[in-house]
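Same order as they appear, the protein sequences are chains A and C. With my numbering, the residue at position 68 of the first sequence is 68, and numbering never jumps. With my numbering, the residue at position 64 of the second sequence is 64, and numbering never jumps.
Honestly, I wouldn't trust all of these hints.
Output of the computed footprint for chain A on chain C, the stretches with three or more beta carbons under 8 Å from beta carbons of chain A [unchecked claim]:
1. 14–28
2. 38–45
What follows is a set of in silico ranges between Cβ atoms, one per label pair, in the way DEER data are often shown [said to hold, decoys possible]:
3. Trp165/A - Arg17/C: 35 to 43 Å
4. Leu33/C - Met161/A: 19 to 27 Å
5. Ala43/C - Leu172/A: 37 to 45 Å
Everything labelled a hint here was simulated from the structure, so no lab data went into it. Note that the structure is a prediction, hence the values are computed from the model and not measured. Backbone N, C-alpha and C define an ideal beta-carbon position, used for all residues, glycine too.
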Amino acid sequence: MGSKEFILKHSLGVRIFHYILVVSFVPLAFTGIVLYFKPYDELTMNLYMRIHVILGIVLTLDAIAFFLVGFERVVTFIKRMFTFSGDDVRWFTILGGYPQKFLLRKKVPVPPMGKYNSGQKVFGICVVVGGTILIVTGWALWAFPHILPVGMGLLFGNLHMIFGWILSIFLLVHIFLGIYMFDDFKAMFLHGMIPYGKAEETAPKWVKTELVKIENHV
Amino acid sequence: MKKQTYQYAESPFNMSRREFITIGGIVIALLALPAVWIRSGIAKRNSYIRARTKGLYTDDTQSKVRVSHGNTAVSKMYTDFAQHPLSEISEELFHTHHYINRRAA
Numbered sequence: 001m002g003s004k005e006f007i008l009k010h011s012l013g014v015r016i017f018h019y020i021l022v023v024s025f026v027p028l029a030f031t032g033i034v035l036y037f038k039p040y041d042e043l044t045m046n047l048y049m050r051i052h053v054i055l056g057i058v059l060t061l062d063a064i065a066f067f068l069v070g071f072e073r074v075v076t077f078i079k080r081m082f083t084f085s086g087d088d089v090r091w092f093t094i095l096g097g098y099p100q101k102f103l104l105r106k107k108v109p110v111p112p113m114g115k116y117n118s119g120q121k122v123f124g125i126c127v128v129v130g131g132t133i134l135i136v137t138g139w140a141l142w143a144f145p146h147i148l149p150v151g152m153g154l155l156f157g158n159l160h161m162i163f164g165w166i167l168s169i170f171l172l173v174h175i176f177l178g179i180y181m182f183d184d185f186k187a188m189f190l191h192g193m194i195p196y197g198k199a200e201e202t203a204p205k206w207v208k209t210e211l212v213k214i215e216n217h218v
Numbered sequence: 001m002k003k004q005t006y007q008y009a010e011s012p013f014n015m016s017r018r019e020f021i022t023i024g025g026i027v028i029a030l031l032a033l034p035a036v037w038i039r040s041g042i043a044k045r046n047s048y049i050r051a052r053t054k055g056l057y058t059d060d061t062q063s064k065v066r067v068s069h070g071n072t073a074v075s076k077m078y079t080d081f082a083q084h085p086l087s088e089i090s091e092e093l094f095h096t097h098h099y100i101n102r103r104a105a
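Just chain A, same shape as in the assembly:
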C-alpha cells in the first residue's frame, strides 16, 4: 500500500463528541478533585461547585446527544470494548510493549490488535460504565437530593467519588498515550484520518477485516 493512503478512523460526529467531552470532562475532573480536598474558603468552593455542575450538564447533553444521534456508533464501540480474545491476554502479559519501549528502549513483538488495543478496551469499559454512573449519580446528588433515600444518597456519593477518581487517574494515562500516539492524536483532533501504513502496524486486525476501499472522499 502507498504511504500516502489514509483511513478515516474518526468521523466528524465522533470528533465533535470527543471535543465536547474534552472541554467538559478535563475541567470536571479538576474541579472534582478540588471539591474532594476542599482547599479554599466556602465562597471559592461554592464557585467550584457551580462550575462542576454546569460542566456536568454539558457532559450529560453531549452523552445523550451522541447516544441518540450515533446509537449505531455506541453499539459498535461497546461491541469492540467487550470483545476479548487470546491476543488480549498476550497483550496484557507484555502490557502492549510500552514498559519495554519506555524503560528499556526495546521493541518487543506485540500481538495483532483491532481498532482499539487491549488497554484502550479496558479504558473504554471504564468510560462507558464509569461515565454512566458519574452522570446518573451526579444528577441525583445535585438535582434530587431531597427525594433520595438516605442509604441511596450515601451510595451515590461514594460511587461518584470512586468512579471520579478512577476516570481522573485513567485520564492522565489516556492523555499521555494519546499524545504519544501522535497520528491517532491528529486523527481525533484534526482531520479524523490515519495513515494506512501506521494503522497496519498498530491495528492490523482492523485494517484486515473491517475496512473497505472507497474513492473520491474528502
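Here the structure of chain A is known, so what remains is to put chain C in place on it, guided by the hints.
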C-alpha cells in the same frame, strides 16, 4: 493547499442486524434496570414513617381514652386540686415563663 483525502473507511456491514439488536437491547436494558431500581427506592423511601403513622393510628383506635381531657387521672387532679384548666393555681404551677435561648447560648 491540497485537501487531504482518505481512501479507506470502516465497512458499514461489520455488524450483523442480529448483533446490533442484541447489543443495543442489552445496553438499553442495562440503562433501564437501574432507573427502575432508583424509582422503586424513592417510592419506598418513607415506608418506615408510614408504618409508624399506621401504628400510632392503630394505638389510637384501640385506646379507651383517646383525648387528654377524657383522662380520669387528669380530671381527678383538677377536681381535687387545681380547680380547672387555666385557673390561677394551674397557671402558677404548670405554666413556665422562662426558656433557654439556644441561639444566644
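Tell me the hint numbers this structure goes against, listed in increasing order.
none
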